[in-house]
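Student: Please put together the full structure from these sequences, using the hints given.
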Amino acid sequence: MLQRGRLTTPKPDGVGCGVSDHVFALAYLLGFYAPRIPNLAERRLYTFGAPSARPVFEPFIAGRIDEKLITAHWNDVLRFATSIRTGTVSASLLLKRLGAYPAQNGLALALREIGRIERTLFMLDWLELPGLRRQATVELNKGEARNALARAVCFHRLGRLRDRAVEAQQYRASGLALVTAAIALWNTVYLDRALDDLRCSREMIPEALLAHLAPIGW
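Okay, so the sequence shown: first residue is 1 according to the working numbering, each after it adds one.
Watch out, some of these pointers could steer you wrong.
Simulated DEER-style distance windows between Cβ atoms [claimed, not checked]:
# : residue 1 : residue 2 : range
1 : GLN104    : THR82     : 51 to 61 Å
2 : ARG79     : ALA100    : 14 to 24 Å
3 : GLU167    : ALA62     : 38 to 48 Å
4 : LEU210    : ALA62     : 37 to 47 Å
5 : LEU69     : ALA145    : 39 to 49 Å
6 : ASP125    : LYS68     : 24 to 34 Å
7 : GLY63     : ALA41     : 33 to 43 Å
8 : ARG172    : ALA100    : 20 to 30 Å
9 : GLY63     : LYS96     : 24 to 34 Å
Derived from the structure by calculation, the hints contain no laboratory data.
Positions of the beta carbon are idealized from the N, C-alpha and C atoms, including for glycine.
Tutor: Now the structure itself:
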């Protein structure tokens, strides 16, 4: 959730590679994403209507949602999401382009408004639902475990990609991904066989514990 081990300069609300308004909007349109928001205490909510209509929450509200802006550019938003869903263009490329658009670009502004809605809803769920916080932590730990495995496997040249050509870098990165995927596959098969062996020996295995098994331990 936080960048561990170093102090960071607070960023404006909605800014950040993983939790920006555009990322939240795109995640909603594509139907996925469960992020951990850094500096949650510094984030603010957005509402429909005037913040003064909710006096209890008004100190935590940064502004109101521009519904007309979303409506005016809704077709552009759908085309944007469809391009990613169909694989016509990558999400990372489009997000980079959005960041380079002029401040008055209609599509970028509409996506920002959608992202603010989704981020507000997510923040409220995050504060209210302990299960959501636990799930996000579990997913984060899985990603960190995969990265730790990749660092252990990629020992050549101290795990650094020194190739200058982009194609060569992609070959090495793909090779690393293939090896780590093979290790995860073998661990999955091994764990399945181990569980079958325990069950055959009538060993009692609580089903609740199986959800915590992951094939990327090493």
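Student: Under the constraints set out in the numbered hints, which ones does this structure not fulfil?
Tutor: 1, 7
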